[in-house]
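Visitor: From first to last, the protein sequence lines stand for chains A and B.
For the first sequence, the numbering used here assigns the number 368 to the last residue and increments by one with no breaks.
For the second sequence, the numbering used here assigns the number 735 to the last residue and increments by one with no breaks.
Quick caveat, the hints were computed from the structure, so don't treat them as lab data.
Owing to the predicted nature of the structure, the values given are computational and were not obtained by experimental measurement.
Take the hints with a grain of salt, since some may be wrong.
What the hints assert, rightly or not - Keeping only pairs whose Cα atoms sit at most 35 Å apart, straight-line, the calculated DSBU-like set for lysine-lysine is: (1) B:Lys619 <-> A:Lys292; (2) B:Lys137 <-> B:Lys222; (3) B:Lys222 <-> A:Lys210; (4) B:Lys137 <-> A:Lys210; (5) B:Lys202 <-> A:Lys210; (6) B:Lys222 <-> A:Lys121; (7) A:Lys286 <-> B:Lys501; (8) A:Lys290 <-> B:Lys2; (9) A:Lys292 <-> B:Lys550; (10) A:Lys121 <-> B:Lys2.
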Amino acid sequence: MSDDIVLDEFGYDEPTLDKLFETLKKEVISSSENYSQEAFKLHWLGRKQGRLKVLSEAWLKSAPPEARKPLGIRFNQLKQQIEAALEAPATTTRAAQAGASIDITLPGTTRAPGIPHPLLKTMQEIVAVFHHLGYSTNLGPQVESDFYNFEALNFPPNHPARDTQDTLVIASQQSRPSRDRLLMRTHTSPVQIRTMIDQPPPVRIVIPGKVHRNDAADATHSPIFHQVEGLCVDTNITFSDLKGTLDHAMKALFGSAVKTRFFPSFFPFTEPSADVQISCIFCNGKGCRKCKHSGWIELLGCGMVDPAVFAAIDEQRAAQGKSPAYNPEKITGFAFGMGVERIAMIQHGISDIGHFYSGDMRFLEQFA
Amino acid sequence: MKILTNWLRTYVPNIPADDHQLADDLTLRGIAVEGVHDLGPAADDQSNGHLFEMDITTNRVDAMNHYGIAREAATIYNLPLLPLHTELPASTPAPAFPVRIDAPHLCGRFTARVLRNVTIAPSAGLISDYFSLLGQKQISNAVDASNFVLLGMGHPTHAFDLDKLQGGIVVRLAHQGEKLKLLDGTERTLEPDDLVVADEVKALALAGVMGGYDSMITPETKNILVEAAWFDPASIRRSSRRHLLHTDASHRFERGADFNAAPIANHLVSQLILASGGHAEGDLIDIAIPATAAKTASRPSINLSVTQVQRHLGTTLEDTPTQSALTPELIYQYLTALGCTLIPTRLAVQLEHEMIADGPVFPPGYFSDHAGHISLVNDLFAVQLPSWRLDLEREIDLIEEVARVYGYNRFANTLPTPGIVIAHPTAAAEAAVRTRLLALGFSESISSTFASQQDSDLFATAGQGTIPMENPLSDEASLLRPSLVPGMVTMLAHNLNRDVKDVRLFEQGQIFTGTTDQVSESAQLSLGLTGAVPATPLHTAHDAPIFELKGAIESLLSLFAPAPLTFTTEAPVWLQPGRSATALLDGTPIAHFGELVHTQREARKLRQPIYLAQLDLAKLYALPLKKVTARDLSRFQAVERDFSFTFPDSMQWHTIATAIHTLNIPELQRLTPTEIFRDPKGKSVPPSHYALLLKCVFQSNDRTLREEELTTWWSNIITTLTNLGGTIRAGEFTM
Ligand SMILES: [Zn+2]
């Protein structure tokens with residue numbers, strides 16, 4: 001203890017006060033740890049002989065008038081520190097603290113939050129990538145007419161996809177004109193058609209949604225599944241733009257080390273058409289079980305919008321009294337589509353597609 | 001389809017790539033090789049090469065044979081494709097064999113050749129070697145010849161035992177009910193739109209699908225008629241489907257065969273049969289229908305503009321700053337190799353590679369590959385299309401061929417200019433609802449889009465109509481779901497059946513109502529809850545799940561602009577009466593919730609009660625999202641007062657709250673029921689009564705509340721509640 005500090009010997013300048021009060025603060029801490037609570041209180045805050053009172057009276061009295069206010073503030077801060085030390089319950093000594101220690105190895109508690117569905121989470125991630133590339137979300141009905149699902153997309157009348165073997169059809173359609181017949185959309189592409197009939201170019205849309213096919217369910221197939229499609233139509237949109245866009249999107253989704261590879265393919269509504277593979281995200285293209293040792297994983301289909309689709313759009317626009325806007329001599333575009341289930345299954349190593357639609361908490365909880 | 005690389009290489013010698021490289025090069029150009037199998041060494045110590053498992057897209061039926069794939073290889077490596085050798089030994093003179101086409105719209109071409117004194121024997125040599133490597137069944141030299149030609153160059157043929165024919169050939173439609181025994185031994189009854197190859201008396205074969213049993217080649221056959229024809233795709237498809245006969249021949253014909261391949265195939269088959277003996281008699285009979293030729297082999301040429309190629313395809317990795325790598329020369333080379341004939345029809349003058357003027361055609365076939373400053377460039381071609389590529393019809397088809405042969409991966413990765421993103425109108429509301437439900441502990445789920453008839457009857461909203469499926473996936477999925485609730489029940493049951501007892505799920509999805517002519521889709525939300533929910537001071541554990549659902553609904557509504565929300569105990573039949581309710585927004589129902597009706601719980605053998613809610617999202621999304629205007633926090637102290645009252649069981653909280661609010665005390669900031677207590681023994685609280693602990697918080701924004709004011713409000717509240725039939729138990733003042 002330094003009862004014998006006499007301030008006059010040091011002066012009232014700020015650095016001196018800093019040093020002195022630092023010393024006093026340390027004294028508070030060490031005395032709070034070594035005294036009992038009562039003794040500590042008495043020592044500092046005793047009404048007559050309390051150290052705080054003694055020091056403050058002595059120092060303030062001898063201080064020049066201009067130094068009194070800052071000195072008073074410092075004493076007040078010290079008093080708060082002493083009071084705070086008093087309020088800390090039963091922690092006056094390190095020994096006492098150790099005795100009251102918690103068992104930190106017990107499990108933590110939480111209010112269990114709900115779990116976002118992994119499939120819908122993946123779908124949102126894909127959509128977000130295209131939002132950042134300037135694509136707006138568009139949605140459409142799940143029950144579609146043959147016109148929007150097939151005819152306008154250049155499917156020939158006897159295309160196998162139109163067969164009830166492949167497509168789920170609403171009852172009692174036989175008597176209707178074939179283009180009006182209602183069915184469960186087999187892809188989200190009808191939204192591309194609806195959008196173009198609705199608005200002139202430029203079009204940049206991304207279409208997430210649920211689709212249905214008359215497929216037998218197994219570990220990798222489900223009659224209900226989800227797609228994200230995209231459509232970009234403007235003047236001067238090229239095949240190399242399609243390549244660059246999807247290469248960018250796949251890097252955004254799977255990491256910048258991912259490579260893309262394009263193969264010729266065939267879809268009625270695009271020409272040229274392509275299948276796109278990405279380098280295997282598990283083995284970085286070296287070959288592993290997940291990529292069947294090829295180093296590549298097939299992920300999406302795409303192509304340049306077939307001029308016949310643009311022609312069907314303008315025909316329909318004319319029928320609705322809208323001016324033609326999709327002259328294939330001036331307008332080009334590309335479209336792409338991917339299965340969300342497949343991507344989510346790859347991302348999370350899910351082996352059975354059925355888990356997505358079971359609501360099984362044991363499955364969902366893994367994604368908490 | 002299987003391909004032998006050794007066979008393939010006979011048509012394009014000197015391919016500068018091994019079989020694996022060849023497989024990769026073909027695959028990258030859309031001729032997909034799915035598997036490469038090493039066939040090991042041959043007897044002569046030469047390699048047998050590899051077997052390719054092909055996956056050819058349906059539009060490329062021309063590439064479903066060795067010669068077709070050889071043409072692709074020749075195009076890729078810029079090598080010549082060897083012509084097929086069709087020479088036959090000189091035939092003996094004879095009058096033309098009579099052939100008549102009575103259905104010229106369905107049979108566009110028919111070739112026939114008579115072979116005499118043939119020897120029917122097992123195949124030997126190359127056919128035998130190739131067939132055993134391919135795993136192709138060997139039957140006899142005559143039948144194998146037909147299969148060999150089909151595998152080799154893709155055109156189906158058929159050999160008849162000439163001595164079983166009565167008169168010449170007639171290609172005609174079948175008679176109603178006409179019988180024909182086919183090669184597979186089955187007897188078919190024909191319809192009048194089945195096309196048959198017949199003699200003067202009877203049908204011999206179902207044209208383009210399968211030959212007849214009675215005229216087939218047998219070991220005793222001495223004389224043969226070889227047929228190679230072109231049949232209408234739609235007609236073959238119809239007969240193939242009707243008779244459930246999918247054969248190699250029908251597969252080819254129904255996708256559009258090569259009109260000009262018929263005579264070649266006939267020559268090749270005859271050649272192979274005659275290799276074992278015999279001679280040809282007379283000339284090849286070849287009847288071609290001009291109208292069909294005009295639609296296939298002799299289609300009008302189409303224009304291909306070099307500018308259009310570059311406009312659609314964009315930038316390649318090999319472009320120079322001033323010139324696309326897709327030059328007129330390259331385009332000419334690719335398309336010519338694929339079988340097109342290109343005639344330059346417009347010549348453009350380029351100065352420093354900049355187009356300055358179009359002119360008439362200069363020297364046809366001339367290309368500018370000079371390094372000079374001025375050059376002449378063909379920028380428009382008239383393209384005659386090959387007879388085997390009926391999939392090529394338009395300029396864009398040719399542009400695709402250029403891109404395909406060039407190689408998709410040799411194009412650059414460019415990006416179009418970005419667009420402006422417009423938020424979907426309901427996106428913000430959907431996200432807010434989803435985030436809130438997740439925060440409340442409900443997990444996101446997806447259930448079936450379909451429902452059974454029984455579930456539909458139970459869960460559909462009366463009078464809205466349901467939508468049956470024409471071809472349902474199963475009896476349990478015979479209708480489109482009229483509600484999300486049956487799917488939610490299924491998911492909760494799925495969990496309970498697997499001993500997962502604590503479940504909270506939600507689903508946002510579409511429901512389907514209306515008629516099969518006019519289906520309407522609207523967004524709905526379902527909530528499902530099962531498992532222990534702890535009691536609260538207000539709710540017993542028995543009732544707590546129902547109030548958790550009510551709380552969730554109120555919480556969702558709180559995200560939107562305030563609108564009057566009330567509750568009634570009216571509820572649909574799938575909810576247990578007395579343990580369910582309907583939430584009304586502005587007086588019209590927006591949600592139903594409560595416990596699943598007990599009869600359903602029993603019928604579904606659910607081990608514990610389940611709680612469900614259904615909310616009309618369309619109605620919710622019609623409200624704008626809440627815009628918050630923050631109020632200033634009062635600087636003056638709040639005063640809390642707790643009251644304890646006893647009320648008869650019939651007294652509802654709503655009545656109590658309304659009565660107190662009617663006192664209109666602006667300083668009453670909060671009125672909360674904090675505990676409800678009943679005494680089963682009826683001592684501290686009388687029977688059929690409950691004790692209610694009530695907390696009132698008073699606060700003013702402009703002054704410290706005085707004791708007299710508080711006393712007045714307190715006593716007013718006590719008086720009001722006493723008038724309602726309550727009895728005060730204790731009043732406590734706390735500060
Ligand atoms: Zn891998």
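Visitor: Hint by hint, say whether it matches the structure.
Guide: Okay, the hints, checked on the actual structure:
Between Lys619 (chain B) and Lys292 (chain A), the direct Cα distance comes to roughly 49 Å. Violation of the 35 Å bound is thereby established for this hinted pair. For the given pair, Lys137 (chain B) sits about 23 Å from Lys222 (chain B) by alpha-carbon distance, which is consistent with the 35 Å threshold. Proposed proximity of Lys222 (chain B) and Lys210 (chain A) is contradicted: the alpha carbons are some 63 Å apart, above 35 Å. The suggested pairing of Lys137 (chain B) with Lys210 (chain A) is violated, with an alpha-carbon distance near 46 Å, which exceeds 35 Å.
Our distance criterion of 35 Å between C-alpha atoms is broken by Lys202 (chain B) and Lys210 (chain A), whose separation comes to about 55 Å. Under the criterion of a C-alpha separation no larger than 35 Å, the hint pairing Lys222 (chain B) with Lys121 (chain A) is inconsistent with the structure, at around 72 Å. Between Lys286 (chain A) and Lys501 (chain B) the alpha-carbon distance is near 44 Å, which puts this suggested pair outside the 35 Å criterion. Our distance criterion of 35 Å between C-alpha atoms is met by Lys290 (chain A) and Lys2 (chain B), whose separation comes to about 26 Å.
Between Lys292 (chain A) and Lys550 (chain B), the direct Cα distance comes to roughly 51 Å. Violation of the 35 Å bound is thereby established for this hinted pair. For the suggested pair Lys121 (chain A) and Lys2 (chain B), the alpha carbons sit about 42 Å apart, so the restraint of at most 35 Å is broken.
Checked against the numbered hints above, the structure breaks hints 1, 3, 4, 5, 6, 7, 9 and 10 and satisfies the rest.
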